[in-house]
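Asker: One-letter residues, chain by chain:
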Amino acid sequence: MSMLALDVEKRLGDFALAARFETAGGVTALFGASGAGKTTLVNMIAGLIAPDRGRIRLDDTVLFDSAARIDVAAHRRRIGYVFQEGRLFPHLSVAANLDYGRRMCGLARDGAETERILDLLDIGHLLDRRPGKLSGGERQRVAFGRALLMRPRLLLLDEPLASLDAPRKREILPYLEKLRDEVPMVYVSHHAPELKRIATSVVLLDAGRVAATGGIEVLDAAATELMG
Amino acid sequence: MLELSPDEWVAVHLSLRIALVATAVALPFGLALAWLLARKQFWGKALLDGLVHMPLVLPPVVTGYLLLISFGRRGPIGAFLADHFGIVFSFRWTGAALSCGVMGFPLLVRPIRLAIEAIDRKLEDAAATLGADRFWVFLTVTLPLAMPGVIAGMVLCFAKALGEFGATITFVSNIPGETQTISAAIYAFTQIPGGDAAAGRLVLVAIAISLAALIVAEWLARRAGTRFHGE
Chain X
1 MSMLALDVEK RLGDFALAAR FETAGGVTAL FGASGAGKTT LVNMIAGLIA
51 PDRGRIRLDD TVLFDSAARI DVAAHRRRIG YVFQEGRLFP HLSVAANLDY
101 GRRMCGLARD GAETERILDL LDIGHLLDRR PGKLSGGERQ RVAFGRALLM
151 RPRLLLLDEP LASLDAPRKR EILPYLEKLR DEVPMVYVSH HAPELKRIAT
201 SVVLLDAGRV AATGGIEVLD AAATELMG
Chain U
1 MLELSPDEWV AVHLSLRIAL VATAVALPFG LALAWLLARK QFWGKALLDG
51 LVHMPLVLPP VVTGYLLLIS FGRRGPIGAF LADHFGIVFS FRWTGAALSC
101 GVMGFPLLVR PIRLAIEAID RKLEDAAATL GADRFWVFLT VTLPLAMPGV
151 IAGMVLCFAK ALGEFGATIT FVSNIPGETQ TISAAIYAFT QIPGGDAAAG
201 RLVLVAIAIS LAALIVAEWL ARRAGTRFHG E
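Residue numbers (my numbering), protein chains in the order written: chain X, 1 to 228; chain U, 1 to 231.
Hints were generated in silico from the structure; no laboratory data involved.
Among the hints, erroneous ones may be present.
Stated by the list, open to error - Per the computed footprint, the stretches of chain X lying under chain U, defined by three or more beta-carbons under 8 Å from a beta-carbon of chain U, are:
| # | stretch |
| --- | --- |
| 1 | 68-75 |
| 2 | 79-87 |
| 3 | 90-102 |
Note that the Cβ used here is the ideal one computed from N, Cα and C, for glycine as well.
Okay, chain X solo, but in the shape it has when bound:
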């Protein structure tokens, strides 16, 4: 059985989204030009936007089903989300940001696991700082850590490197490659080279529709066409 299966429709003003795809796990790239509906789609998976119609299933849990009137609230989905701008809580220290998901999900403290994630992302030395004092790269690494430490069933990444300059991107990519084995991911980007390094399968979105699915070879065909 597929890990994530999604068949949704949503109308937002003039924009109509009608997408259907399934993924087997690993890192699924959601690829497409700006305005193709990528962020809308991951927001639906996270439970931040409700589709007009359709179904979303993660493993054996139905997260959304308009026919059966099922709509699991975002805070009950246990889906980690790394946003483009990090969205760290500015009033909390890095340590409190990292611990937030564990506290809200009511999980037991796991010192060894926390230690491991801190090492993996190399953020142990930032714990006492405020998010306002972090560099862009540090901020995104803390955002990865915060999402991972809630032990999510799926990790959504929405253009996690888009706000960073080229050297910062190169700094973060190795960490992302290490995360690949931690948890299944849906990775949104309009930047093909970045996706090629970490994606295991690709869903190509074009104007609210799935234009192609497959392995990373989809990126080559699409990149020449999309990015010119």
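With the hints as your guide, set chain U onto chain X.
Answerer: Chain U in isolation, oriented as in the chain X frame:
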């Protein structure tokens, strides 16, 4: 000359108690209403918003009179509360606190509402994806980030409550030791021959309390503000 008489002390003490109780009791209602007005769309929202602001624009005597006919001993709400809960407002200091709270309410709600509206909702979304339900999102993200607005609202409400005169004197009269606040006492002293000295002393006290409240509020707001940026 600057020594307060026991009666004047009673008025000062009563004023502080009434203003503090009014602000503290109004706060939870103010927070809930500010959140509702800032974050929700519902039928009758403009009407509710207008009602909250009414005490600001109505003559205070009108607000006091409306309180008298609804919360007085024979008013529908007043009679209900007295019969079922033993809470009596008319001619009691609790009534003064009620009228002060009502008069200060719009000043409490407005800064909190503006502060909540200024918070990036995306942070609240992020909290939801991390497992926080609506209540915890409010408690751990919205409220701390709106804290400078909450403090500003509380200070304005406290200041208004401290200086309230028209609605209070209409609703619960001017009874020394029970409903006679600093403002009412100053008014009373100016009406009797030789009362100038006592009125002057209370004026100085009123200035001192107001100034102290503003300085404390400024300090608190600054501290809440820097916490987001400092180490």
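Asker: Against each hint, give a clear statement of whether it holds in the structure.
Answerer: Hints and how they fare:
1. A count of 3 residues in the stretch 68-75 of chain X with a Cβ less than 8 Å from any Cβ of chain U is obtained; the coverage claim is therefore met, three being the minimum.
2. Here the stretch 79-87 of chain X counts 6 residues with a CB under 8 Å from a CB of chain U, which clears the bar of 3, and the coverage holds.
3. Counting residues of the stretch 90-102 of chain X whose beta carbon lies closer than 8 Å to any beta carbon of chain U gives 4, which meets the minimum of three for the stated coverage.
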